[in-house]
Amino acid sequence: MMYNMLKQLILGPASLSYWDILTDFHGFLAIMPLILFGIALALYFSLDKFAQAVVWLKRALYVLLANLILLDSVGLYIYAPYRATGGPRTFLKSSPETAWLHEILFEHKEFLAYAPWLLALVALVIVMAFGSGISEPENKKIKRLILFSLAVSLVFVLVVASEAVLITKVAPLK
Amino acid sequence: MTNKPYNIINAALFSAATSLNAFWILIVLKGAYPAISEFMNFHPPTGPLLGLYISAVLIFVLCFLAGWFVFQGRDKARVLLHRYFIGSVIFYVFITLPVFHEPLIHLLK
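If you read the protein sequences in the order shown, they are chains A and B. As numbered in the working numbering, residues 1 to 174 make up the first sequence, in order. As numbered in the working numbering, residues 1001 to 1109 make up the second sequence, in order.
Don't read these hints as lab results, they were simulated from the structure. Predicted model, so just to flag it, every value in this text is computed and none were measured. There may be inaccurate statements among the hints.
To be verified - Using C-beta positions, here's what the derived DEER-type ranges look like: (1) Gly12/A / Leu1097/B: 52 to 62 Å; (2) Arg1083/B / Gly131/A: 38 to 48 Å; (3) Met2/A / Val1093/B: 24 to 34 Å.
To be verified - According to the in silico footprint, chain B covers these stretches of chain A (three or more CB under 8 Å from chain B): (4) 24–33; (5) 56–68; (6) 101–108.
Said to hold, decoys possible - Using 25 Å as the maximum straight-line C-alpha spacing, the simulated SDA-like pairs for lysine to any residue come out as follows: (7) Lys93/A / Gly1031/B; (8) Lys141/A / His1082/B; (9) Lys93/A / His1106/B; (10) Lys143/A / Lys1109/B; (11) Lys141/A / Val1079/B; (12) Lys1109/B / Lys141/A; (13) Lys93/A / Val1079/B; (14) Lys141/A / His1106/B; (15) Lys58/A / His1106/B; (16) Lys140/A / Ser1037/B; (17) Lys1109/B / Glu107/A; (18) Lys141/A / Tyr1084/B; (19) Lys141/A / Glu1038/B; (20) Lys141/A / Lys1076/B; (21) Lys174/A / Tyr77/A; (22) Lys58/A / Ile1095/B; (23) Lys140/A / Val1079/B; (24) Lys140/A / Pro1098/B; (25) Lys93/A / Ile1095/B; (26) Lys1109/B / Ile104/A; (27) Lys93/A / Phe1064/B; (28) Lys140/A / Glu1038/B; (29) Lys1109/B / Ile35/A.
Heads up, the beta-carbon is just placed ideally off N, CA and C, and yes, glycines get one too.
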């Protein structure tokens, strides 16, 4: 029994197609920012609690930015088989019941996905420019811009991910 | 506080907001004018989307470099730039929905 399960564990993932693996990797890249946003927001609220918070926040934002750029890049790469003839786009557009998933949701998802990395970059630039000075009272307004950028970026990622789940449930990329 | 951090932050706010605005304007233009859509469609498998992303990133980089020099010693610009950035981000949420940008495309056609 254990042999069979081990065999399935190896043969199962090995049977996945190239696009299956890339789509899963794209999904993984979409989940990772949620953890990184959590870390960044926790560090943001710790800025005046301990001295190293700003250094850690900067590192977290570097990783978050790299993650978001990679997420968009892989998304653009797997967009080619999505819109290829006979691909998920063709399937969705073939029926009036599913056409909205492409024409409304996917269109919105592909456009909204452009913004999160830009917002994370703005947060990173502010942290880099001010360093530990960001916690000073006169920088209160600019500090709030970090929170605004991170919060909106997080909401955008959540919306894009939810739309992606709805679309791939109906028309997965194979 | 020196001008240096504000000059970089102002450049980042200006370029990010302008890039977001350029992105939705290009969505409308590519929808309304086939020539623009064709120009962005230099890699047919991904369609005009890749061209749209690359154009918006280039606009971001150019605006950041320009802003870096333009905002030297102009600390007062930051209040205006904060509003421009926040306003652009909020507007972007709505304008990326087809229900809001499709009427603009039909208006230009």
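We went through each hint and held it up to the structure:
| no. | hint | verdict |
| --- | --- | --- |
| 1 | Gly12/A / Leu1097/B: 52 to 62 Å | 39 Å, violated |
| 2 | Arg1083/B / Gly131/A: 38 to 48 Å | 25 Å, violated |
| 3 | Met2/A / Val1093/B: 24 to 34 Å | 52 Å, violated |
| 4 | 24–33 | violated (count 0) |
| 5 | 56–68 | violated (count 0) |
| 6 | 101–108 | holds (count 4) |
| 7 | Lys93/A / Gly1031/B | 18 Å, holds |
| 8 | Lys141/A / His1082/B | 9 Å, holds |
| 9 | Lys93/A / His1106/B | 21 Å, holds |
| 10 | Lys143/A / Lys1109/B | 43 Å, violated |
| 11 | Lys141/A / Val1079/B | 10 Å, holds |
| 12 | Lys1109/B / Lys141/A | 43 Å, violated |
| 13 | Lys93/A / Val1079/B | 46 Å, violated |
| 14 | Lys141/A / His1106/B | 40 Å, violated |
| 15 | Lys58/A / His1106/B | 44 Å, violated |
| 16 | Lys140/A / Ser1037/B | 43 Å, violated |
| 17 | Lys1109/B / Glu107/A | 19 Å, holds |
| 18 | Lys141/A / Tyr1084/B | 15 Å, holds |
| 19 | Lys141/A / Glu1038/B | 43 Å, violated |
| 20 | Lys141/A / Lys1076/B | 14 Å, holds |
| 21 | Lys174/A / Tyr77/A | 14 Å, holds |
| 22 | Lys58/A / Ile1095/B | 31 Å, violated |
| 23 | Lys140/A / Val1079/B | 13 Å, holds |
| 24 | Lys140/A / Pro1098/B | 37 Å, violated |
| 25 | Lys93/A / Ile1095/B | 23 Å, holds |
| 26 | Lys1109/B / Ile104/A | 20 Å, holds |
| 27 | Lys93/A / Phe1064/B | 39 Å, violated |
| 28 | Lys140/A / Glu1038/B | 46 Å, violated |
| 29 | Lys1109/B / Ile35/A | 44 Å, violated |
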